[in-house]
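Just so you know, the protein sequences line up as chains A and B, in that order.
Using the working numbering, the letters of the first sequence map in sequence onto residues 104 to 743.
Using the working numbering, the letters of the second sequence map in sequence onto residues 269 to 526.
Wrong hints could be hidden among the right ones.
[Said to hold, decoys possible] If the Cβ cut is set under 7 Å, some of the chain A residues that face chain B in the computed set are:
#  : residue
1  : I229
2  : D230
3  : Q231
4  : G236
5  : L246
6  : Q269
7  : M345
8  : S383
9  : S654
10 : L655
[Claimed, not checked] Covered stretches of chain B (chain A as the covering partner; in silico rule of three or more C-beta atoms under 8 Å from a C-beta of chain A):
#  : region
11 : 297 to 305
12 : 319 to 327
13 : 331 to 341
14 : 384 to 391
[To be verified] Calculated lysine to aspartate or glutamate pairs in the EDC-like style (CA-CA distance at most 16 Å, straight line):
#  : chain 1 : residue 1 : chain 2 : residue 2
15 : A       : K402      : A       : D412
16 : B       : K420      : A       : D248
17 : A       : K120      : A       : E731
18 : B       : K420      : A       : E242
19 : B       : K363      : A       : E492
20 : A       : K472      : A       : D395
21 : A       : K402      : A       : E415
22 : B       : K296      : B       : E369
23 : A       : K643      : A       : E590
24 : A       : K358      : A       : D667
25 : A       : K111      : A       : D127
26 : A       : K630      : A       : E681
27 : B       : K363      : A       : E487
28 : B       : K498      : A       : E484
29 : B       : K322      : B       : E293
30 : B       : K518      : B       : E467
31 : A       : K443      : A       : D419
32 : B       : K287      : A       : E653
33 : A       : K111      : A       : E731
34 : B       : K420      : A       : E477
35 : A       : K456      : A       : D405
Worth flagging that the hints you see were computed from the coordinates, not collected in a lab.
Where is the CB? At the ideal position from N, CA and C, for every residue including glycine.
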Amino acid sequence: MSTQLNSKIPAGPLGDKWSSYKEDVKLVNPNNKRKFKVIVVGTGLAGASAAATLAELGYQVDAFTFHDSPRRAHSIAAQGGINAAKNYQGDGDSVHRLFYDTIKGGDFRSREANVHRLAEVSVNIIDQMVAQGVPFAREYGGLLDNRSFGGAQVSRTFYARGQTGQQLLLGAYQQLARQIGLGGVRLFNRTELVDVVTVEGRAAGIVVRDLMTGEVTSHAAHAVVMATGGYGNAFFLSTNAMSCNVTAAWRAHRKGAYFANPCYTQIHPTCIPQSDEFQSKLTLMSESLRNDGRVWVPKSPDESRRVADIPEEDRDYYLERLYPSFGNLAPRDISSRAAKRLVDKGQGVGPLKNGVYLDFADAIARLGKDVVQERYGNLFEMYERIAGENPYDMPMRIYPASHYTMGGLWVDYELMTSIPGLYAAGEANFSDHGANRLGASALMQGLSDGYFVLPYTIGNYLAPMLNKAIPSVDHPEFKAAELAARERFNGYLNIGGTRSPDWFHREVGKIIWDYCGMERTEQGLEKALSELPALYDEFKKDLRVTGSGESLNQTLEKAGRVDDFFQLGMLMCRDALERQESCGGHFRSEYQTEEGEALRDDDKFCHVAAWEWSGDPMTAKRNVEELEFENVHLATRSYK
Amino acid sequence: MSNHLKDIILKIWRQNGPKDSGHFETYKVDEISDEASFLEMLDYLNEQLITDGKEAIVFDHDCREGICGTCSLMINGQAHGPERSTATCQLHMRKFSSGAEIVIEPWRAAAFPIIKDLMVDRSAFDRIIESGGFITSVTGGAPDANLIPIPKPVADSAMDSAACIGCGACVAACPNGAANLFTSAKIAHLNLLPQGQAERYKRAESMIEKMDEYFGSCTNHGECEAACPKEISIDVIALANADYRKAKLKNRKFISRI
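Throw the hints in and build the complete structure from the sequences for me.
The following block contains the structure:
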């Protein structure tokens, strides 16, 4: 029997749910807020905005980051922009359209109520960020500029050059810094979560490791927010920052939080292809480039002429050919698979024939080099530094890479996980993007959760707890978790094997990429599920971590993270195997239309799979939350 | 196709914790692709060290896209190495040749104490931002974003300053260990914008005074601008100084009214 999951979606018409929720929510008196402590783990867009806003309201907030400063969180690397239904361009945008585009982009695998709320608050986000001094791009008249993004037919994306994530994160970081200066937030930097503690079924706090000294300590609170990002680094090569990891979410999962849809991973179509075997990460080139760049490959796999000498008739502008109405702006999953198929057919470009062209020659001819430079100058420079080629003269070479994970901790409408008092926000939760996220929606969701959702929903949980004692850090559950964490880290040091954590990460990542990457099959996933536990056993026997546990040791940190990637990898493959349909980023070769597009099975799989920890990821229990669509019609996604 | 560099000699600063005196150690990388980034070369060296049972070299890094500002490193005496407007993580081995001898040190500045090997503590930067590097704006109370038109050149200049990644190269490159470029970039970003006017003078005053608690003084060497991976202009320092001067006068005026 599967457990009933209560998503706590408020009653009433879709457009009224969030406002009626806010009207009914329990409040905490301003003078009582200081009696509550909230822990926020992670200081990216979701974490920093939540911590700052909760402190501003008067709660005591402890914020934790493993970085040296909150400003380093990986939200900073988002390039393209942030969506909002402002309709400043007068091109027919509305809250409903943003809602519908997001639901459709997610291939009808997300919750209507959550997505509608996201679209509603999107407009507040832009107001808030402008008030904070985020220097968004502007028109000459001084008003805000917009551009369009994949999966949308309106211009609703706000941007700050190719550094929108940086500017939004700095905005949220500055609000957090203000609260730190005022004493509302205590910041613990270079401190990593190693366990979540529950007492009598409620979140009671966390156990952390000081990365500089190796010291393991406990922190108790009334509520805990996990804003700890996604797990794209499970693939080893991804566009994520080097230290992005799943540990915090995974440790919460092991303590009872359900992990939802782990197989929904997003492969971004425009990254710089791998160049050699040393490569440690892949670099994303913003999707915004597809506004003006044209994607093509030579029609012949044996093409050997210089790019400039290949005539138009020998080029295949395949996105424009296959998806005439969206063309180069087809959504990410669709564009990625199209590129993979052509590269697999041998039509790839570059020295390793592992990319496709993204060509700006037409845009430069149409707009002039200056305009192109103004729009994309910093991206072009970045490309040249990495690839050693000048994109003004030579088309860029791009290829898909792991970029974002739609799956994550299961949360209800209030963003609470299946553990009362434990919340998940931003990329760490599964809530808003279904099986595929649209471009410029991650920043929107992180800030929506942190600024505009959690500050309301947490109050609703805390209000009845007024003046009730919470377990202290001396509680046996805390002591047991501390002991387990110390033993775990000492264990890595004592194995004394022959392979480094990075070696294992590369190997585990390769299995997950090969069998649970852009295209999945039953046979491949079963193979992965036999190889992963075997490699994991080897990890436990043959790991080598040099140095000690008493001073800063990046090898040891990595060992803990790779351990959790192993376990997560098994769950990803199991989830992909069980979901016998294709939807969004989850593409099973067995389930496709005649034209090679994803074929959903709405009768059997119009649900969220929420996995419950059982002591071993290979035996985790699959619970189901049915998705009910009352306002949109389940359609086959078409971008033709 | 990629070429391979041979026999790279690395002289790397090793320091086992803040209290250790530290020393240079010499390592050799026999062969590396010129497509590898500088940090991938260090990853490769670390793998070798772990294979030999030795402790890996500690260095700060994260996004490897030149935006998070985590990476540092003095490479042959230059902050972020020889390529202009490039953070260490985006420096590639094609900028070096076979047989090269490369000296790698941490940022050297009194305000950035060394944590271990090549990693330093830059939290003094956070203290400066906490003292005033923000616009006070309570969540939920913001007016419509298009209510205040901002001339494009103003928004663009604010963006030029806001591009700072907080890496600390400006401090490391400065003979005085001054943080004026970092601090002034943030002051310029916020003080140029209409939204930042209410706190303009208070911001300049408190940030500069907080900065002075940790860092050396600016004497206009200009090394900071040359080292900045985001090419932030030294002009921002002039703007911040002007605002600081005005702040001192204005505040006196306010006090006299009380």
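So, going through the hints one by one against the coordinates:
1. I229: Interface hint status for I229 (chain A): holds (5 Å vs cutoff 7 Å).
2. D230: Holds - the Cβ of D230 (chain A) comes within 7 Å of chain B, reaching about 4 Å at its closest.
3. Q231: It holds, given that the least Cβ distance between Q231 (chain A) and chain B is near 5 Å, below 7 Å.
4. G236: With Cβ-Cβ at 5 Å, under 7 Å, it holds.
5. L246: Hint holds; L246 (chain A) Cβ to chain B Cβ min 5 Å, cut 7 Å.
6. Q269: holds (6 Å)
7. M345: holds (6 Å)
8. S383: With a closest approach of 5 Å, the S383 (chain A) hint holds.
9. S654: Given a least distance of 6 Å, the restraint on S654 (chain A) holds.
10. L655: holds (5 Å)
11. 297 to 305: holds (count 5)
12. 319 to 327: holds (count 6)
13. 331 to 341: As far as the region 331 to 341 of chain B goes, the hint holds, because 8 residues have Cβ atoms under 8 Å from chain A.
14. 384 to 391: holds (count 5)
15. A:K402 / A:D412: holds (14 Å)
16. B:K420 / A:D248: Roughly 10 Å separates the two Cα atoms, so the pair holds.
17. A:K120 / A:E731: The hint holds at about 15 Å.
18. B:K420 / A:E242: holds (6 Å)
19. B:K363 / A:E492: The hint holds at about 14 Å.
20. A:K472 / A:D395: Answer holds: K472 (chain A) to D395 (chain A) is near 12 Å, not above 16 Å.
21. A:K402 / A:E415: holds (10 Å)
22. B:K296 / B:E369: Holds: K296 (chain B) and E369 (chain B) sit about 9 Å apart, inside 16 Å.
23. A:K643 / A:E590: holds (14 Å)
24. A:K358 / A:D667: Holds. K358 (chain A) to D667 (chain A) sits at ~14 Å (cutoff 16 Å).
25. A:K111 / A:D127: holds (13 Å)
26. A:K630 / A:E681: Within the cut-off at roughly 14 Å; holds.
27. B:K363 / A:E487: holds (13 Å)
28. B:K498 / A:E484: holds (12 Å)
29. B:K322 / B:E293: holds (13 Å)
30. B:K518 / B:E467: holds (12 Å)
31. A:K443 / A:D419: Distance ~14 Å between K443 (chain A) and D419 (chain A) Cα, so the pair holds.
32. B:K287 / A:E653: holds (14 Å)
33. A:K111 / A:E731: Distance ~13 Å between K111 (chain A) and E731 (chain A) Cα, so the pair holds.
34. B:K420 / A:E477: holds (13 Å)
35. A:K456 / A:D405: holds (11 Å)
Checked against the numbered hints given earlier, this structure breaks none of them.
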